[in-house]
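Enquirer: Chains as they are written, first to last, in this note's numbering: chain V, 3 to 285; chain D, 28 to 433; chain H, 3 to 237.
Any given hint might turn out to be false.
What the hints assert, rightly or not - Stretch by stretch, here's where chain D covers chain V in the computed footprint (C-beta under 8 Å, at least three residues): (1) 4–15; (2) 72–80; (3) 123–132.
Stated by the list, open to error - Below, simulated PhoX-like cross-link-like pairs (lysine-lysine); rule was C-alpha separation at most 25 Å, straight line: (4) Lys134(V) / Lys132(D); (5) Lys132(D) / Lys374(D); (6) Lys205(D) / Lys374(D); (7) Lys205(D) / Lys334(D); (8) Lys256(D) / Lys134(V); (9) Lys339(D) / Lys85(D); (10) Lys124(H) / Lys164(V); (11) Lys132(D) / Lys66(D); (12) Lys382(D) / Lys393(D).
Hints were generated in silico from the structure; no laboratory data involved.
Glycine included, C-beta positions come from ideal geometry on N, C-alpha and C.
Residue strings, one per chain:
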Amino acid sequence: MPSATLLGQALISGVLAGGMYGLLALGLSLSWGLLRLVNLSHFALAFLAAYLTYELGTTYHVAPWWAAAMIVPVMFLIGIAQHWLFDKFKVNELASLLITFSFAVILEVAIQLYWTADYRRFETHYSTMSIKAGPFYIPVLELALCMVAGVLAWGTWLWLRKTYVGKALRAAAEDADIAAAYGVDHKKLAYLLSGMGAAYAAIAGTFIALIATLAPTQIWAWLGVVFAVVIIGRLGNPLGALLAGMLIGASESIAMAVFEPAWAPVVSFSVLIAILLWDPEWL
Amino acid sequence: MNDRMGAWRRRHVLGGFIGLAALGAPAILRAAPSGQPVKVGGTLSLTGFLAQTAVIHKIAAEIMIEDINSRNGFLGRPVEYVLLDDQSKPDVARSLYEKLITVDKVDLIMGPYATAPILAAMGVAQRYGKVMIQSSMGIPNLQTYDMAFPATPFGPEPDKTYPNVILDAMASLPTPPKSMVIVTSKFPSAQFMAKGMRIEAEKRGVKVPLYLEYEAGNRDFGAIAARVKEANADFLWVGSLGLESNQLLEALRKLDYTPKTSFHLYPAPGPLALSPDGNLVWCSTFLEPDEPFMSRPGMKKIAELYKERATKANLPYAIIDAQAAGMVAAWQILEAGVNGAKTLEDKQIAAWLKKNVVTTVYGPTKFDGLYNHGEPAQLIRQVQDKQWKVVWPKQFVAPGVKLIPT
Amino acid sequence: MADLLSVENLSAGYGRAVVLSDVAFRLGEGEALAVLGRNGVGKTTLLDTLVGVTRRFTGSIALGGREVGTLAPETRAGLGVGWVPQERNIFRSLSVQENLTAVARPGPWTLDRVFRLFPRLKERRQQSGASLSGGEQQMLAIGRALATNPRLLLLDEPTEGLAPIIVQELLAALTRLLREEKLAAIIVEQHAQKILPITDRALILERGRIVHQSDSAALLADPMPLERFLGVTGR
Ligand SMILES: Nc1ncnc2c1ncn2[C@@H]1O[C@H](COP(=O)(O)OP(=O)(O)OP(=O)(O)O)[C@@H](O)[C@H]1O
Ligand SMILES: [Mg+2]
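Please model the entire structure based on the sequences and the hints provided.
Expert: Written out as structure tokens, the structure is:
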């Protein structure tokens, strides 16, 4: 039986690692849940942002938060441009999967052309800093990531619930024709939401640059687990996405600490299947 | 030796035309293979998850082809490398080799990179009776085809021999480690070595209190790090690929833990050498651009060219190492085989290789052992001042370099 | 008085199928019109065409003198067309209050006023739309249309399938809207006797055509057309 320290530490790192799943899931969940568009290029956009953060940081010595401040607005516009294409070609849910998959592949190739296929690592002095709390260590960067993800998820949740635009978006997601007949211009709102999704990808990307390994193929590394998170967290529910991310992160980590690390990838899907079988009301 | 062989070849090929006068032939005559090019077909994983390795091999191959063509080509004919992208997928590699042989009608083939594509290509090679030279199959007993030849000196049983190289190096330390944690990727060639390491360590009285396997592409090393820290052994052996070592060491540092001494199997060399966590870590290798390797024939020029082209290709780590050297050796072996057997016939090339010794960047290489392997020469290098230095076995250590204990 | 709505030569349908043909009528400010007819004669199609969710083939729809027949539904909504669909189509994933506020536009119909008209909705304001009973859903559908502060309210069989006691409650509310508030409205109904008393004019549809148009009072006094086209008596 593993010691309490080990379990506690595994839980902490798992929950914090899950913050990244949640952050990546956020934008995906919004566009899937509210626009009925499955945006596979979300991961590619996040990695593009990560590479830009890396480039700005290593070549021009721009601090990551300044890099984010530059990249996020650009990504917002990219999201809007992307939606313009969806709109123009009247893309539906299934077609969006195929089209955004192609987007992602094109971005992957572009990234590989510019940054090569080689691994890139953005070394910063705070990348391995941590806070000691009793016998446990809390990595600073992951903690910051979780706080940012928390603020974004909470803020987006409130926005969807409390503002006119948010409610109109949810109404249009449920029945776009009826909402339109009540004056909801969901096309305009969809542009806004697509921009937001891409901006969230950019924020996730900045953290990916700081925390993870950059390689073009890594774009696909997060796909499975983040999809599980989006579904468990309920489509279009930002808080659900974050909590599901942390749940999966924690389960993976505990599985690695108690059983075999190699089981980790199985965990997210086991949790997904278990929850789908259980079929709770909130799903 | 290469130079002597070159001269010998030159004499032979030009002999029919200008007689023995070729012995001192001017450069212009030597450097001009002519006629129909000899097509050598092969794939590399230019895209997909192995893509970071392909550029390295491609640069090495291009340097070698220029080098070979600047001498005498294959049997006086220029060499042309027909390179296709297998997308890191074995099934794609299989059909591309099929296509290279049947549609493109290449004269010879060159193996791809990494165990899975190599196995796929080997099946095709066997069906068509083609000689296949490969540089990167870490599990020799999978190479069951008798016309497949390894370019990298793993030896026939690296899972038995290499752990003992590591254990010897450990025993040479002022306080030899008594316990070892083994953490390995489930990537087949890493897992293969890790299993061997565990058996050999226990045979020699080094305890293995913790043995962990993680899935290739593992994202979070936090929990693994917590277990490594808790086990707190004298030595950490990591069966890593790519950046996994960096990730694990970073995760350990976040727990305020630095392993006393650690070994890393197949990490990305640049990032580990440059990382603050990488200082004095050990790693496997076959060659570094240092003595005694640099005195091997042709090596200096190849190392320089490699650095130049890798820098131009925007590779972050532009120094030749065992991966690129594997490709260099593969072409050296093919060149020696063709020009030695004096034919493009695969059977005769294979027969020649089995009977002769080829000098490559890895030194004199034989193919007369189990699975067509010769003597193992897998070494240990250590990060010293952000550079890789071969530190074990002693006969491969450059003058003035020592294994630094931690 | 200037016409609020003027429909001329209107034909509409689904795909290539023509359901309505040559429909023409007018509605003044503050007037209420009853649209009567048997099942499947095209009553819903008429309202849907006014809203803009069917295919209009020919004809014009002028709202306050402005042609709206070519405009998108969301634009028409902005110009004052409020709609209570036959299927109610409330937003089930939104709460009662959110259903009202998600589409609200400024005007006399505030949230409070809608709640005063339908106190049951106020009690259930935090509940999700999906949890409402049929009658409550109908109230919410009407309230939602009111919250957009329409110039013209379109109601498609508001009492259909509801318990008598609820029907009473709804009719009382409609009476208030139409008679006291003088909200211009078109009400589709199969049960003429329920709405003729609270409307000014009435028209009867038969296979997509208008076969009778008169004051509601006249139809109540002489129910012959009702018997002929609906097969019911006016009582
Ligand atoms: N979406 C549709 N596509 C094709 N035809 C339709 C559609 N909706 C209705 N129709 C047809 O149009 C005709 C008129 O239908 P409509 O719903 O307007 O009648 P209604 O008078 O509202 O009937 P009810 O009293 O049953 O509500 C019917 O023949 C119906 O089958
Ligand atoms: Mg109807």
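Enquirer: State the violated hints by number, sorted upward, taking the hints as numbered earlier in the document.
Expert: 2, 4, 6 and 7
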